[in-house]
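Asker: So you can see what is in the structure, the chains are spelled out below.
There are 2 protein chains.
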Amino acid sequence: MGFYVPFFYSLNSSVMKTIKEILQLEPTGQSIEVKGWVRTFRNNQFIAMNDGSTIHNLQAVIDFTKFDEQILKRITTSAAIGIKGTLQPSQGKGQKMDLVVEDITIYGDSEADISKENYYPIKPQKQSLEYLRELAHLRFRTSTFSAVFRMRHHLSFAIHKYFNDLGFFYLHSPIITASDAEGAGEAFKVTNFDLNNIPRDEQGEINFEEDFFGKNTNLTVSGQLEAELAAMGLGKVYTFGPTFRAENSNTTRHLAEFWMIEPEVAFVDLTDNMNLAEGLLKYCIQYMFDHCADDLQFLAQRLTGRRITETNGRAQ
Amino acid sequence: MGFYVPFFYSLNSSVMKTIKEILQLEPTGQSIEVKGWVRTFRNNQFIAMNDGSTIHNLQAVIDFTKFDEQILKRITTSAAIGIKGTLQPSQGKGQKMDLVVEDITIYGDSEADISKENYYPIKPQKQSLEYLRELAHLRFRTSTFSAVFRMRHHLSFAIHKYFNDLGFFYLHSPIITASDAEGAGEAFKVTNFDLNNIPRDEQGEINFEEDFFGKNTNLTVSGQLEAELAAMGLGKVYTFGPTFRAENSNTTRHLAEFWMIEPEVAFVDLTDNMNLAEGLLKYCIQYMFDHCADDLQFLAQRLTGRRITETNGRAQ
Chain S
3 MGFYVPFFYS
13 LNSSVMKTIK
23 EILQLEPTGQ
33 SIEVKGWVRT
43 FRNNQFIAMN
53 DGSTIHNLQA
63 VIDFTKFDEQ
73 ILKRITTSAA
83 IGIKGTLQPS
93 QGKGQKMDLV
103 VEDITIYGDS
113 EADISKENYY
123 PIKPQKQSLE
133 YLRELAHLRF
143 RTSTFSAVFR
153 MRHHLSFAIH
163 KYFNDLGFFY
173 LHSPIITASD
183 AEGAGEAFKV
193 TNFDLNNIPR
203 DEQGEINFEE
213 DFFGKNTNLT
223 VSGQLEAELA
233 AMGLGKVYTF
243 GPTFRAENSN
253 TTRHLAEFWM
263 IEPEVAFVDL
273 TDNMNLAEGL
283 LKYCIQYMFD
293 HCADDLQFLA
303 QRLTGRRITE
313 TNGRAQ
Chain P
3 MGFYVPFFYS
13 LNSSVMKTIK
23 EILQLEPTGQ
33 SIEVKGWVRT
43 FRNNQFIAMN
53 DGSTIHNLQA
63 VIDFTKFDEQ
73 ILKRITTSAA
83 IGIKGTLQPS
93 QGKGQKMDLV
103 VEDITIYGDS
113 EADISKENYY
123 PIKPQKQSLE
133 YLRELAHLRF
143 RTSTFSAVFR
153 MRHHLSFAIH
163 KYFNDLGFFY
173 LHSPIITASD
183 AEGAGEAFKV
193 TNFDLNNIPR
203 DEQGEINFEE
213 DFFGKNTNLT
223 VSGQLEAELA
233 AMGLGKVYTF
243 GPTFRAENSN
253 TTRHLAEFWM
263 IEPEVAFVDL
273 TDNMNLAEGL
283 LKYCIQYMFD
293 HCADDLQFLA
303 QRLTGRRITE
313 TNGRAQ
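For the protein sequence lines, the chains are S and P, in the order given. When you line the first sequence up against this note's numbering, it's residues 3 to 318, in that order. When you line the second sequence up against this note's numbering, it's residues 3 to 318, in that order.
You may find that some hints are simply not true.
As the list claims (entries may be wrong) - Beta-carbon label-pair distances, calculated as ranges:
| # | chain 1 | residue 1 | chain 2 | residue 2 | range |
| --- | --- | --- | --- | --- | --- |
| 1 | P | S117 | S | S251 | 44 to 54 Å |
| 2 | P | E119 | S | E136 | 52 to 62 Å |
| 3 | P | E119 | S | A295 | 51 to 61 Å |
| 4 | S | E136 | P | Q288 | 43 to 53 Å |
| 5 | S | A180 | P | Y121 | 20 to 30 Å |
Said to hold, decoys possible - Think about it this way: if two alpha-carbon atoms lie no more than 25 Å apart in a straight line, the pair counts; the simulated DSS-like pairs of lysine-lysine are:
| # | chain 1 | residue 1 | chain 2 | residue 2 |
| --- | --- | --- | --- | --- |
| 6 | S | K22 | S | K128 |
| 7 | P | K284 | S | K163 |
| 8 | P | K191 | S | K191 |
Worth flagging that the hints you see were computed from the coordinates, not collected in a lab. Glycine included, each C-beta is placed from N, C-alpha and C at the ideal position.
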């Protein structure tokens with residue numbers, strides 16, 4: 003079929019761009035509008051701002067003699083701001099370009115004072131992961147966690163792309179199920195019962211016929227059984243969805259809830275299976291080098307203090 | 003970084019191809035190996051086989067004088083077979099090519115006799131959806147459901163690709179949660195309690211401190227709250243994951259478990275939001291025309307008896 007659905011959509015106009023896009027431009031004095039959050043404000047002059055699109059900040063330069071002091075005081079770490087200005091080659095050494103501020107808007111204030119409503123508890127300096135864990139709702143604004151979440155996105159997309167390009171079909175296997183797969187682990191119970199008033203049958207046993215699905219159900223520990231059935235009709239399928247284990251193992255390798263990939267293929271042998279797994283790992287690693295090099299470098303430096311080199315792909 | 007991870011992997015060798023790939027070849031007598039399931043076997047001569055890669059069958063032609071009758075008897079609907087042969091221009095009208103069988107292997111038998119272990123209850127003729135619903139584990143082998151699942155795959159990939167290309171980050175929001183979002187609907191309870199022995203506190207109330215997460219938890223009704231927080235650091239995010247409603251509404255528009263898309267974007271207005279939603283729909287529709295035209299045509303004909311035409315995209 004030769005249908006054509008008109009599609010001319012971009013979130014970003016020619017003026018409003020992400021910082022990732024801006025940092026790839028040649029600065030020639032062009033007009034730019036950008037919105038994001040303040041990372042730091044130095045010397046009443048240099049605003050490092052970030053919008054989450056990249057690990058790198060854009061440096062905006064503001065002439066404090068031209069702006070009201072009440073505005074300048076509100077340019078604090080994590081304040082939400084919008085800047086209109088021109089992109090100029092930078093005078094400084096740390097960056098290729100400066101955004102010279104012509105107009106600034108404060109969309110949301112951020113206070114260093116704990117008594118204030120907009121108190122922001124994360125300092126620009128490196129914070130411990132344990133401290134950030136307690137601030138799960140704000141950690142998206144840190145370099146460390148934004149890098150992790152950007153990488154998780156790219157890795158997820160790479161997984162889908164790998165299987166899609168090989169002709170696999172993505173299967174959403176059921177999350178609520180009455181099966182326990184191969185007894186892979188202890189399952190969480192799912193119920194609609196009033197726990198203060200669980201229905202009983204004549205023998206005094208719990209009457210699951212009165213529960214939502216009319217039977218005892220739990221959260222899936224694996225989509226394997228459904229994927230096996232699907233592969234016996236579609237040929238090549240994979241699942242990539244949340245999986246659950248009610249095991250009280252509090253290690254860095256155990257999670258109660260995690261996303262798992264399960265490919266199932268008809269008519270292949272062990273060698274094909276090994277090649278598929280090896281191919282997935284190699285594809286994803288290459289994809290991450292191609293799409294997340296800056297985030298990988300940032301995390302390598304944060305965790306080891308060293309950069310990854312091209313020689314062997316390991317932090318030196 | 004300029005890392006290069008060697009990646010030379012394909013599931014399909016030059017000989018072993020999917021039926022979708024084979025049907026795109028020019029038949030020139032080349033040697034082909036294919037594995038799949040029998041749809042029909044006519045006149046002890048024509049095997050229509052399918053491997054799930056496409057709605058279309060490959061016609062294999064077998065010279066019954068050259069094969070043992072015991073083998074021919076096992077070529078029944080839904081039997082799993084492998085064929086080696088040569089691809090020849092078809093003598094018949096219904097197809098471009100025939101696979102002329104040189105060797106056939108029966109990997110799995112399929113019996114029409116209900117008393118047999120491998121009894122296969124779905125006939126090649128059109129079956130009602132209600133009947134197939136009772137055979138959820140086998141319906142992947144039907145044209146109707148394989149078309150639906152292939153389309154679901156392509157639609158899922160299109161959704162990820164649309165957001166990825168626009169610079170959005172995919173967020174896996176929590177499935178087990180203690181929040182009920184905006185009270186979007188009644189939630190399923192998730193618990194690790196022994197329902198016959200639920201712990202009580204001194205006041206006789208259920209003691210959720212003794213449950214797995216130390217609090218009362220349920221299945222998410224929406225990833226919106228987490229996505230809003232993520233957008234306030236990453237700029238543009240979307241969720242695409244399972245969502246749950248414990249509402250006893252048995253209509254074609256209500257499901258207890260379904261996959262939902264929730265984009266959240268910082269610094270955009272209502273017009274941007276409308277453009278994003280309209281763009282998603284247009285992109286997905288175009289993608290489906292480009293990737294699933296044959297499956298769409300099959301379903302249009304099954305449901306309406308008419309083909310979709312290029313004039314207006316509607317079944318005529």
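Asker: If a hint holds in the structure, say so; if it does not, say that too.
Answerer: Cross-check of the supplied hints:
For S117(P) paired with S251(S), a C-beta distance near 47 Å keeps the hint of 44 to 54 Å intact. At roughly 58 Å, the beta carbons of E119(P) and E136(S) sit within the given window of 52 to 62 Å. In this structure the hint that E119(P) and A295(S) lie 51 to 61 Å apart at CB holds, the actual value being about 55 Å. Checked against the hint of 43 to 53 Å, the C-beta distance between E136(S) and Q288(P) comes to roughly 45 Å, which is consistent with it.
At about 23 Å, the CB distance of A180(S) to Y121(P) agrees with the hint of 20 to 30 Å. With a CA separation close to 22 Å, the supplied pair K22(S) and K128(S) stays within the 25 Å bound. Simply put, K284(P) and K163(S) have alpha-carbon atoms about 21 Å apart, close enough for the 25 Å limit, and the pair holds. Of the pairs offered as hints, the one joining K191(P) and K191(S) holds, with about 8 Å between alpha carbons and a cut-off of 25 Å not exceeded.
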